[in-house]
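Quick note: the sequence shown uses the working numbering, first residue 1, plus one each step.
Treat the hints as calculated values from the structure; they're not laboratory data.
On a predicted model such as this, the values are computed, not experimentally measured, just so you know.
Careful, some of the hints might be misleading.
[Stated by the list, open to error] Straight-line C-alpha distance at most 20 angstroms; calculated SDA-like pairs for lysine to any residue: (1) Lys195 to Phe227; (2) Lys78 to Leu59; (3) Lys275 to Thr89; (4) Lys287 to Lys275; (5) Lys85 to Pro108; (6) Lys278 to Ala294; (7) Lys368 to Phe357.
[Claimed, not checked] So the derived label-pair ranges between C-beta atoms look like this: (8) Ser295 to Ile326: 24 to 30 angstroms; (9) Glu193 to Lys275: 43 to 49 angstroms; (10) Leu369 to Ser63: 43 to 49 angstroms; (11) Glu46 to Glu226: 35 to 41 angstroms; (12) Glu221 to Asp319: 30 to 36 angstroms; (13) Asp319 to Leu50: 51 to 57 angstroms; (14) Lys275 to Asn318: 19 to 25 angstroms; (15) Asp327 to Ser63: 47 to 53 angstroms; (16) Leu50 to Asn228: 25 to 31 angstroms; (17) Glu221 to Leu50: 30 to 36 angstroms; (18) Lys161 to Asn41: 20 to 26 angstroms; (19) Thr54 to Pro279: 54 to 60 angstroms; (20) Asn310 to Asn364: 28 to 34 angstroms.
Every residue, glycine too, gets a C-beta built ideally from N, C-alpha and C.
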Amino acid sequence: MQKSIPALSFRYLGFLLIWSLLILNSCKEDEPKVVPPAEENVYLKEITALKTLTKEQILQQASAFGPLAALYVKNGVKVYKITYKTKNTDGAEITASGALILPVAAGPVSMISVQHGTITDQDQAPSVFKDGSEGSSFGSLFGAMGYIIAYPDYIGYGASKNLPHPYEHRASLASASLDMLRAAKEFLRGQNEVKWDEKLYVAGYSEGGYATMSLQRKIEEEASSEFNLRASSCGAGAYDKTAFMKHIINDKTDGIAGYNSLYLWVLLTYDRIYKLNKPASYYFTEKYASKIAASGQNVSIAESFHLALNDSFKKALNDGTDKGFIDAIADNDVYNFKPKTPTRLYHGTKDPLVFFFNSENAYNAMQKLGATNVSFVKVADGTHSNSVLPFLVGTQAFFAETL
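Please work from the sequences and hints to get the whole structure.
Structure (structure tokens):
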């Protein structure tokens, strides 16, 4: 099912979730009560209370989203930082972190795992919970709607900030997010502040959209017995890396330095993770190669990205001779599967950063594989930035349908 909506200025939004498990052993009145042994945590390492926000405080924050946002605020929240075990891209065990936001609510509530978009500042990591950050703003509001919110930092932020962030790397975004959920489950098992109804939802936009689809696929293929995944909402992610790569090496793009720095970041990340170990001069013209070798993705490329690339590199990709880089790109394609979970895609039709064809190709591939539970919302004339609010509003309504 495809839908089209205008790129209007939505003034309200919503969503988010979490769980709690109680085990009661009944016994006869004339027998001593049997207390089950405490389960040992496998993933969860440490818990730190960060902040408590009252309903009134969140109502004040919600006013920034417009008067209708206040209608969604039901409760206050308690915010925790959790650290947990996961694995780096090389398979080494590391400690990662994220924010866990609990609603102050009496009844059972659902959980939403929110995968954040691209960040370049450590202070923007969800577990820092800095005022004005995505995690603080949206996390508080969505938690106040009566959801438990799991907000992974990803590798490279928070507790693992000494490591490079594996930008747009499918496998590690999925594993770090899944292990965060496993740690959250262990946290909830050991507390009685909130009850989780065991329903899980996943959502994210931009890099978060890509991470969400990667997480959804991993849960469906490897962890379906662990989580009751109810719905997935993916906004403006670069799901078709192969088509994306072909586009930016051959076609003229906007030449915005901020966009190009992200394309450069992906290229350098794949070169490192897949041990391609090519010098910058292999990929880039001399105009940029020495600067990139010294400063990485922080180099400004203020022209169409394809003009910064060596003709020999572009030829090797187009004729298939650079198999190492081509295989690395293909390993990060995430869209070509048949979702088991109700899934909704959102994308602005005029997105100049993460091109619209990523979601269009994903939707078409899923339909071709026989998926009947995938819908596609095209934000008419939407850009990468102004399509965020339609995504958030639509996601809240989509998740509400499956509660």
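Margin query: Just to be sure I understand the hint, the distance between the Cβ atoms of lysine 161 and asparagine 41 should be within 20 to 26 angstroms; is that true here?
Written below: holds, 23 angstroms
Check: lysine 275 and threonine 89: Cα distance at most 20 angstroms?
Finding: With Cα atoms ~11 angstroms apart, lysine 275 and threonine 89 stay inside 20 angstroms; holds.
Notebook entry, point to check: Do the Cβ positions of glutamate 221 and aspartate 319 conform to the proposed distance bound of 30 to 36 angstroms?
Noted result: holds, 33 angstroms
Notebook entry, point to check: Is 54 to 60 angstroms right for how far apart the beta carbons of threonine 54 and proline 279 are?
Noted result: This hint holds: roughly 55 angstroms between Cβ atoms.
Next item on the list: Evaluate the given range 28 to 34 angstroms for the C-beta pair formed by asparagine 310 and asparagine 364.
Entry: holds, 33 angstroms
Item checked: Range hint 19 to 25 angstroms (beta carbons of lysine 275 and asparagine 318) holds or violated -> holds, 23 angstroms
Next item on the list: Starting from lysine 195, check that the Cα of phenylalanine 227 is at most 20 angstroms away, please.
Entry: The hint holds at about 15 angstroms.
Check: Within 20 angstroms, alpha carbon to alpha carbon, are lysine 368 and phenylalanine 357?
Finding: holds, 16 angstroms
Note to self: If I claimed the Cβ atoms of leucine 369 and serine 63 lie 43 to 49 angstroms apart, would that claim hold in this structure?
What the structure shows: About 44 angstroms separates the Cβ atoms of leucine 369 and serine 63, which means 43 to 49 angstroms holds.
Next item on the list: Could you grab the alpha-carbon distance between lysine 78 and leucine 59 and see if it respects the 20 angstroms cut-off?
Entry: Roughly 15 angstroms between the alpha carbons, so the hint for lysine 78 and leucine 59 holds.
Note to self: Range first: 43 to 49 angstroms. Now tell me if the beta carbons of glutamate 193 and lysine 275 are that far apart.
What the structure shows: holds, 45 angstroms
Check: Is 30 to 36 angstroms a correct range for the gap between the Cβ atoms of glutamate 221 and leucine 50?
Finding: holds, 33 angstroms
Violated hints for the displayed structure, listed by number in ascending order: 4, 5, 11.
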